[in-house]
Amino acid sequence: MTGARRAPGFGIGMNFRRLMAILGGSVPVSAVAIVLFLAVYAWPAIRFNGFGFIASNSWNLGSLYAEPVSQGGAMILPGAQYGILFLIVGTLLSTAIAMLIAVPVGVGAAVFLAEALPGRARLWLSFLVEMLAAVPSVVFGLWGYAVLIPLLGHYIFPLMTGLLGWIPWFGEPAGSGYGLLTAGLVLSLMIVPLIAATLRDAITAQPMYMREAAAALGATRFETIWKVILPGLRPVLIGAGILATGRALGETMAVLMVSGNALNVLPHSIYAPISTMAAFIASQLDSALQDPTGMATRALAEVALVLCLIAVLVNVLARLILARATAATSQQRA
Amino acid sequence: MPDATLADRAIVMRQARLHARISRRRAVSMLAWVLCGAALAALCLSIVWIIGLVLVRGIAALRPSLFTTVTQGTGGGLLNAIEGTCVLAFGTLLLVIPFGISAGIYAAEFRSSVWARVIRFLSDVLVGLPSIVLGYFGYVTMVEGLGWKFSVAAASITLAIICLPYVARTTEVALGEVPQSLREAAYAMGAGAGTVTLRISMRLAMPAVVTGVLLALAISVGETAPLLYTAGWSNYTWNGHLTGSPIGYLTYVIWAFINEPFAAAHALAYAAALLVTGMVLLISVASRMILLRAQRRM
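Heads up: the protein sequence lines correspond to chains B and A, in order.
Taking our numbering, the leading residue of the first sequence gets -14, the next gets one more, and so forth.
Taking our numbering, the leading residue of the second sequence gets 39, the next gets one more, and so forth.
If you're looking for bench data, these hints aren't it; they were derived computationally from the structure.
Note that this is a predicted model, so its numbers are computed, not measured.
Some clues are possibly wrong.
What the hints assert, rightly or not - Heads up, simulated DMTMM-like pairs for lysine to aspartate or glutamate below, C-alpha to C-alpha not over 20 Å straight-line:
#1 A/Lys187 x B/Asp271
#2 B/Lys212 x B/Glu100
#3 B/Lys212 x B/Asp186
#4 B/Lys212 x B/Glu197
#5 A/Lys187 x B/Asp276
Kindly produce the complete structure, drawing on both the sequences and the hints.
This is the structure in structure tokens:
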């Protein structure tokens, strides 16, 4: 801003910049404060739990009516133990299922929207897909609870155990409808618009000459998309996919309403109840507040911290992959 | 001439193989199109199903008394929740507009500075943080730490932090699309950085910035998880206090009342879902129209 420095508005210009820097500082300050405060608050729990926190299935507040005892330098309720392996497994599995469904559906929908539909239909259906992205997560949960769970629990899951029972994880028991696959399905619906909309825009933005060149070589329209257009858009798909992963990892309400909220057990089939870290934080604070020593709420903060770290890790990974992929493509072009 | 027939036969066979290959490729392409269409159809079916459910059951549950009476137990009206959602959304916008837009302005107008890079990087980190984590942060720091209890202030600040990166990012992108020559012309006329940004760049970027603010509005109306432990729940209308007393909101009704065994509670949940979904979809239609109009004017 050397231009501004010489201008008559010098004083105002610098003050404006400083004002924007201070107000805009709210963004970095909040991000750092969140991680810092959670870490400080969770510190006693981190020291008390050690490595067992992420390696065991033992979330137990202890006996709420007994006198707190001192153990390992911390005051806790007798028998209190905090291990969240089942939450980590539930979070990762439900997200993995959501991605397995959302990526092919998102790619297919994006290709059809961008290439197969005439202008007006494309506009309206794109709008419809984007509406799906605007629906609040608790409404997805409501739909899952009121429509999807009776349907899956009564009809589809029993049918699936019959047809696909020979595949591990797909066999009996079919369960009640609350569980891993239901959570994955609802999550996939919530993240598919992100993938579809991003990829559709990218396909539409590809230059016409690439299609013309492929058509001149005798490729069908689909071969043009599949072998010429889409390979160049891999970075876009990876970027959108990882952002969607981040959203699925942290999704709370919809999962809370359809996952069955399992405690301390690992799922043994695709229909089994699970819980995720985000849903667990939302559902457990009330009971954690019953702990007079406060260790339970600190352990919940540790759950939030682990979730935070996974989210940041995924985010940074996405950006690294995207940056490398973009660099590689621009090198190819050059 | 046996040689000729042999050559003929070779040509015929080659053509047959070529035709077979072409028709196989055509069939594969056709099948792929059908699969892509099915994916889109499944998506559209789901959205129609979800919105249909909310519309049908929500409209069936609508009564004028919903808007005039407060919730009593699991029955009554939604006045307290509607008012609470509006109060929280207003408080969120009040906070996020100055802070978020300033962050966007700094990141775009002073883009090469270190602080701008810090803002951009941590904004990306913030956008990736799950909303329940921010809710728990609000609980630890404000509800407990500052002793505000479940309150409008704790809930609005938490929501504002969630919305910050969205507003900052849309502002930054919008300002990035303003041609540099306009700024240079204004600087050459002797304008300072403040004048150039607020009266030249921001004016052009305004439609996109407004869509960012509308997105924040949609988030604050539609979020649930971060409010569970910052806003609490109240059966009464807002008493005007910023701290110390809880406040109701619509998304809570959806989550809490659908799990009750009573038909009256379910009716309230569906009515709340209709109101929330209606508001959020209206906001997203409005922001799309603003963008379309702005594009047409350019």
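Consistency of the hints with the structure:
As the CA atoms of A/Lys187 and B/Asp271 are separated by approximately 14 Å, the hinted pair is consistent with the 20 Å bound. For the hint linking B/Lys212 to B/Glu100, the alpha-carbon distance of about 14 Å falls within 20 Å, and the restraint holds. Distance check on the hinted pair: B/Lys212 and B/Asp186 sit about 18 Å apart at the alpha-carbon level, within 20 Å; holds. The straight-line distance between the Cα atoms of B/Lys212 and B/Glu197 is roughly 13 Å, inside the 20 Å bound, and the hint therefore holds.
The hinted pair formed by A/Lys187 and B/Asp276 meets the criterion: a straight-line CA distance of about 18 Å does not exceed 20 Å.
Of the numbered hints given earlier, the model fails none.
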